[in-house]
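Both chains come to you apart, so use the hints to assemble them.
Those protein sequences? They're chains C and P, same order as listed. Just so we're aligned: 293 in my numbering is position 293 of the first sequence, and the numbers increase by one with no gaps anywhere. Just so we're aligned: 69 in my numbering is position 69 of the second sequence, and the numbers increase by one with no gaps anywhere.
Hints were generated in silico from the structure; no laboratory data involved. There may be inaccurate statements among the hints.
Not the full set, but computed from the structure, chain C residues with beta-carbon under 8 Å of chain P [claimed, not checked]:
{"hint": "1", "residue": "Pro286"}
{"hint": "2", "residue": "Ala287"}
{"hint": "3", "residue": "Trp436"}
{"hint": "4", "residue": "Gly438"}
{"hint": "5", "residue": "Thr446"}
{"hint": "6", "residue": "Arg447"}
Glycine included, every Cβ here is placed at the ideal spot set by N, Cα and C.
Listed below, chain by chain, are the residues.
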Amino acid sequence: MSYDSIIIGAGLSGLTCALLLGRSGRKVLVLEQNAHVAPLVRGFNRNGLYFDSGFHYAGGLGDDGPLDLFFRHLGLAGKLNLFPFAQDGFDGLRLSATGQDFFLPVGLANIETVLSDRFPQAREKISAFLLEVSSRWRNFPYLDLDVDLADFGIKVVHGMSLQERLREFEPWPQLQGILSMHSLLYGLPPESVSVSFNAVVAGSYYHSAHGIVGGGRSLINAFQDLLAEADVEILCNKDVAGVLTGNHGVSGVRLTSGEEFPAGEVVATLNPGLLPQLFPPGTFRPAYSKRLINLRQTSSAYIGFFRTRGTSEFLRGRNLFIQSHPGIFNGSADQALEERSFYVTGADQGSSGGINGVVCIVPARYDEVSCWQAPGPGRPEGYIAWKKEIGERLLTMLKKSCPEISEPELVELGTPLTFCRYSRANEGAVYGTGHWLGQYNPHPATRLPGLFLSGQAVTAPGLLGAITAAYLTCGSILGHEHLRGELRTCR
Amino acid sequence: MTEQEVIELIDSSLAEEFELERADMIPEANLYEDLGLDSLDTVDMVIVLESAFNFKIREEEAVREIRTLGDIHRFVLSKVEQHS
Chain C
1 MSYDSIIIGA GLSGLTCALL LGRSGRKVLV LEQNAHVAPL VRGFNRNGLY FDSGFHYAGG
61 LGDDGPLDLF FRHLGLAGKL NLFPFAQDGF DGLRLSATGQ DFFLPVGLAN IETVLSDRFP
121 QAREKISAFL LEVSSRWRNF PYLDLDVDLA DFGIKVVHGM SLQERLREFE PWPQLQGILS
181 MHSLLYGLPP ESVSVSFNAV VAGSYYHSAH GIVGGGRSLI NAFQDLLAEA DVEILCNKDV
241 AGVLTGNHGV SGVRLTSGEE FPAGEVVATL NPGLLPQLFP PGTFRPAYSK RLINLRQTSS
301 AYIGFFRTRG TSEFLRGRNL FIQSHPGIFN GSADQALEER SFYVTGADQG SSGGINGVVC
361 IVPARYDEVS CWQAPGPGRP EGYIAWKKEI GERLLTMLKK SCPEISEPEL VELGTPLTFC
421 RYSRANEGAV YGTGHWLGQY NPHPATRLPG LFLSGQAVTA PGLLGAITAA YLTCGSILGH
481 EHLRGELRTC R
Chain P
1 MTEQEVIELI DSSLAEEFEL ERADMIPEAN LYEDLGLDSL DTVDMVIVLE SAFNFKIREE
61 EAVREIRTLG DIHRFVLSKV EQHS
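Chain P on its own, in the form it takes in the complex (with noise of 0.2 Å):
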C-alpha cells in the first residue's frame, strides 16, 4: 500500500463509520473540537482502524496522544510500515 493509498483507506473509514463529512477531513483536524468526537469514541475508532488494517493497536500511550486526523495518519503508517 502506497501512503496516499493508506491515508485514503484511513479516511474512507472514519468517514463511514462516524458518518464524517470528507470536506472537515483534513490533516489538521482537530478530532474533538473540529470532527465532533470525543474520548468515548476513542475504543471505535481503534476497532475501525484494527479491522480495516487487520492489525492490533498495543499501543496505549500513543493512542491517548493522538488529536489530530494527521496524527491518526502518522500512527497508522507507523504501524503499516513495521508490518510491511
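Excised from the complex, chain C in its bound form (with noise of 0.2 Å):
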C-alpha cells in the first residue's frame, strides 16, 4: 500500500497533522509505537477513577483565543464540551513555608488590577511587564493571522532571560513567583528561557484557561473521529526503524518488523534528536545532525495520581504551583525531593461529580531512575519498593502543603523511566526539546525534499503549542497562506 502522506508519531501535532494532511486530499497514514494512538495524552482509570496524564487544562480557548480557532477549524469544537477554569483564580502560587496563596484570575486586564490591589508599590512594573506580554504572546504566523509572514523571518534566541526581567521586582518575591511560575509548564528554569518564550506559554492562559469535559481522553476520541472521517489510517504498535530515500527525496518508511510503507512525504513528530538514526549517514549534512543530536532537552518528572476520601473542591478550576519560599519560581530538579516546587491538579474535574483524585507533576532527574533502566519490557528487582518509597515521600509532600485535600492516597506513579517508555524523549524529558534561551530549535521544513518536521519542539509545549506546530507544519506543505487563509474564514 502506497501514501502521500505517513506520519511518524499519534501525538497532538502528529494527528492534527493527519488531520490537516487527510482533509487536503492526501493518502495518509499514522504509525504510532505505543499500542494506544496518543499515549501520554488519553489518561486512564484506576479505582473507579479518570486521571489525566499529560493534559490538565488549556490556555488561549476563550474567545478570540488562538486555540478556539483551530479547535473550530478542525472541527473538534463540535465533538468536545469545554468548561473553564475559575475566573477569579485559575492558577494560584502556594508558598508551602508560609502557607500563603496568590491566584491569578482569566484576563490580563484582570491580573494586572489583582496584582496591581495586592502589591500597590510595583503597580507601574506590573503593568509595563503584563503589556509585554500581551504584545508578544501572539507574535507567532498562526496565532496572529493578520501579520505578514515575511515578518517572521529567522528568530533571534537569545536575549533577556525571564529571570533577568523580574530582578525590578525583587522587593516582591511572592510577585516574582507569580510571574515565572508558568515556567513549570515548559520545564524551563526561568534563567534559561527568554522573556519572549515565556509570555508565548504565559500570555495564552493569562488569556483564558480551560478543561475539556472528560479530558485527554474525549479529545481524543475526537480526534479520532474526525480522522475516520477524512479517512487517515492509523496504526499502533509500528515502530519506525528508518526513513527511506531515493533519488527525489523521502520514499517511504520501514518498520522494525522489516515491513515497508511507500510514501513521497514523511512527517516525523517525535523527539527531534532522534531523527538523524532514522536515516544513513550522510544524509543530512554534519551542521544540521549535530544540531539536532545536540539540541537541550527539558527535565523529566514524577507523576503522582492519589485518590482522595472526600472531594477536593478548592481545586475545582484551579491549579496550585507549590514553591517552599517567595522569590523567582524554580521548577529545577536540583534540590532534594521534598524541596522541590511542583504542580497540583484535581482529577476529572469536568464529571459531574465531585473531585476524588489529585494529580501532582514534581520535576526529576533521569539520574535518579537510571539505574533501574533495563533492557526489554521488564523492571529490575527492587524498582517497586523503590517506586514506593518516591510515592510515600510525594503523598508526605502532598499532604504538607495541601492540608485541605483528604485522606490522599496514591494509585499510581509515573517515573522518568515512564516518560521514556511513552514518548521515547531522551531521558524522560518531559517536554522533550526545550526551548532554552540561546537555542534554536528546528524548523518544520528540512533539506530533504518531502521530510518534515512537527511536534513541540517547533513551537512550544502544551495544546496549543503541538497544534500550532501542526498548522506551521502543514503550512510548509500545503502553503502558509492557504491554511492561514483558511482559518481566517473561521474568524
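Here it is, written out as C-alpha cells:
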C-alpha cells in the first residue's frame, strides 16, 4: 500500500497534521509505536477514577483565542465540551513555608487589577510586564493571522532571560514567583528562558484557561472520529526503524519488523534528537545532524496520581504551583525531592461528581532512576520497592502542602522511565526538546525533499503548542497563505 | 586572532559542517548559487559560527543580508573586533 503522507507519531501534533493533510486530499497513514493513539494524552482509569496524564488544562480557548480558532477549523469544537477554569483564580502560587496563596484571575486586565491591588507599589512595573506579555504572546505566524508572514524571519534566540526581566521585582519576591511559575509548564528554569518564550506560554493562559470534559481521552476520541471521517489510517504498535530515501528525497518508511510503507512525504513528530538515526549516514550535512543531536532537552518528572476520601473542591477549576519560599519560581530537580516545587491539579474535574482524585507533578532527574533502566519491557528487582518509597515521599509532600485534601492515597506513579517508555524522549524529558535561551530549535521544513518535522520542539509545549506546530508544518507543505486563509474564514 | 586566522576558522568550520570543497570557497562565492546552500541552512550557519567563535549572533538584519562568503568574513571580523 502506498501513501501520499506518513506521519510518525500519533501525538497531538501528529494527529493534527494527519487531519489537515487528510482533508487536503492526501492519502495519509499515521504510525504509532505505542499500543494506543496518543499514549501521553489519553489518561487512564484506576480505582474507578479517570486520571489525565499529559493534558490538564489549555490556554487560548476563550473568545478570540487562537486555540478556539484551531478547534473550530479542525472540527474539534463541535465534538468537545469545554469548561472554563475559575475566573477569579485559575492558577495559584502556594508558598508552603507560610501557607500563603496568590491566585491569578483569567484575563490580562483582571490579572493587572488583582496584582496591582495586592502589590500597589509595583503597579507600574506590573503593568509594563503584562503589556510586554500581551504584545508578545501571539507573535507567531498562526497565532496572529493579520501579520505578514515575511515578518517572521530568522528568530533571534538570544535575549533577556525571564529571571533578568524579573529582577526589578526583587522587593516583591511573591510577585517574582507568580510571574515565573508558568515556567513549570515548559520545563525550563527562568534563568534559561527568554522573556518572549515565557510570554508565548504564560500569555495563552493569562488570556483564558479551560478544561475539557472527559479530559485528554475525550480530546483523543474526538480526533479519532474526525480522522476516520477524513479517511486517515492509523496503525499502532508500529515502530519506525528508518525513513527510506531515493533520488528525489523521501520514499517511505521501514518498521523494525521489516515491513515497508512507500510514501512521498514523511512528517516526523518524534523528538528531533532521534531523527538522524532514522537515516543512512550522510543524508544530512554534519551541521544539521549535530544541531539536532545536540538539542538540549527539558528535565523529567515524577507524576503521582492520588485518590481522596472526600471531594477536593478547592481545586475545582484551579491549579496550584507550590514552592517552599517566595522568589523566582524554581522548577528544577537539582535539590532534594522534598525541596522541589511542584504542580497540583484535580482529576476529572469536568465530570458531574466531586473531585475525588489529585494529580501531582514534581520535576525529576533521569539519573535518579537510570539504575533501574533495563533492556526489554521488565524492570529490575527492587524497582517496585523504590517506586513505593518515592510514592510515599510524594504523598507526604502533598499532605504537608495541601492539608485541604482529604486522606490522599497513591494509586499510580509515573517516573522518568515511564516518560522514556511512552514518549521515547531522551532521559524522559517531560517536555522533550526545550526552548532554551540561545538554542535554535528546528524548523518544520528540512533540506531533504518530502521530510518535515513537527511536534512541540518546533513551537512550544502544551495543546496550543502542539497544534500550532502542526499548522506550521502543514503550512510548509500546503502553503502558509492557503492554511492561514482557511483559518481566517473561521474567525 | 589575526584577520587571516579568523577567515581560516570560518572557512574550515563551514567546509567541515556543510561538506564544501575548499577550492570553491573564494570570498566572491555566492552561498546560494555557488556553494549550494539555501535559506534553510542559514540557521545552521549561525550555529556553526556561534560555536566556532563562542559569540552570540543577534544581528538578524545583517544575517539576512549575507550573500557571499566574503559577507560572512566581514560580518564575523566585525563581531570579533567588537568582542576584543
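Against the structure, test the hints numbered earlier, and report the numbers of the ones violated in rising order. The structure conflicts with hint 3 only, although it agrees with all the remaining ones.
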